[in-house]
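Same order as they appear, the protein sequences are chains U and R.
Counted from 1, the first sequence has number 93 at position 93 by the numbering used here; the numbering is strictly sequential.
Counted from 1, the second sequence has number 193 at position 193 by the numbering used here; the numbering is strictly sequential.
Accuracy of the hints is not assured; some may be wrong.
Unchecked claim - Not everything, but these chain U residues come out facing chain R in the computed CB check (under 8 Å):
| no. | residue |
| --- | --- |
| 1 | Tyr10 |
| 2 | Leu12 |
| 3 | Leu86 |
| 4 | Leu97 |
Unchecked claim - List time: in silico EDC-like cross-link candidates among lysine to aspartate or glutamate, alpha-carbon distance up to 20 Å:
| no. | chain 1 | residue 1 | chain 2 | residue 2 |
| --- | --- | --- | --- | --- |
| 5 | U | Lys7 | R | Glu88 |
| 6 | U | Lys79 | R | Asp20 |
| 7 | U | Lys72 | R | Glu119 |
| 8 | U | Lys7 | R | Asp20 |
| 9 | R | Lys21 | R | Glu169 |
The hints are simulated quantities; they were obtained by calculation from the structure and are not laboratory data.
All figures in this text were calculated on a predicted structure; none of them were measured in a lab.
The C-beta atom is built at its ideal place from N, Cα and C for all residues, glycine as well.
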Amino acid sequence: MSAEHKKPRYMLVWGGLALLTAIEVGTAFVVRSALSGFGISEDTMTMLIIVILIGLAIWKAMLVALYFMHLKWETRALKWLAAAPLLPATIMIVVVLMEYV
Amino acid sequence: MATHSAQAARFEQTSFAVGDKKLGMWVFLASEVMFFTGLIGSYIILRWGASSSWPAPNEVLNVPITAANTFLLICSSVAMVKAFAAIEEGNQKGLKLWLLATIVMGASFVGVQAYEYIELVHHGFTPASGLYGSTFYAMTGFHGFHVTMGVLCMIWVLGKAMRGHYTQENHQGVEVIGLYWHFVDLVWILLFTIVYLI
Chain U
1 MSAEHKKPRY MLVWGGLALL TAIEVGTAFV VRSALSGFGI SEDTMTMLII
51 VILIGLAIWK AMLVALYFMH LKWETRALKW LAAAPLLPAT IMIVVVLMEY
101 V
Chain R
1 MATHSAQAAR FEQTSFAVGD KKLGMWVFLA SEVMFFTGLI GSYIILRWGA
51 SSSWPAPNEV LNVPITAANT FLLICSSVAM VKAFAAIEEG NQKGLKLWLL
101 ATIVMGASFV GVQAYEYIEL VHHGFTPASG LYGSTFYAMT GFHGFHVTMG
151 VLCMIWVLGK AMRGHYTQEN HQGVEVIGLY WHFVDLVWIL LFTIVYLI
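With the sequences and hints as input, model every part of the structure.
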């Protein structure tokens, strides 16, 4: 594999994951009090925090899949195989969420 | 370059262009995605379908300790990928050391989780503590089981590495356990956010 592509900078990815984790924990606990003076409703605030947290988590998951699992350098067929379950998984989660959002 | 073309020629004949064990692991991981999606889907239904009595996670759970544990699992993933990078260069010593580091960090993750469970049960939060208790222990428990299995498999791989089983040319076993390990890390990244932060 390494013969075909430049070696990924694993420590850089590690730093990114550490930073994103810190931001996540910070978001969960700091954003609510930091934005409390702006007159944002409680429901909007909760929704905003959830969207930010899920976005950060997906970003981290992508870093792990692309760099640590080397998906970035795999063949097109294997990328499709890896992505295949995401379609039914997304449908399932979206359908479930539609009940409550 | 000659090797590259030889590989390219071989790749044309197979649809996925990867080794059988690696392909098998990816198919297995695809099924694992659906397994954890089922758990997360149930959690969404049970939590948002429940009345407003669902407590905020940080009122019940120890978020700082688990955040540190999450970081530990991420570090173990880095150690795993370093082990793989080592054997790709034919570095046997590096392979063994990084595998050992991965095992130690993985086992520590399970240890911290066991400590967390003991503390929670001590405070009266058990799998029988309503929907929150059962969903919490089902999701984190199944993940902890995956980590435990990963650690056991990795001890096996380390044993084979000690006997010089893996070489620069043939190390599919290291790559395959690595894929599983990173997947378990990836799932935890999502579970930590969903169970502990939201």
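Checking against the hints above, which ones are violated?
2, 7 and 8
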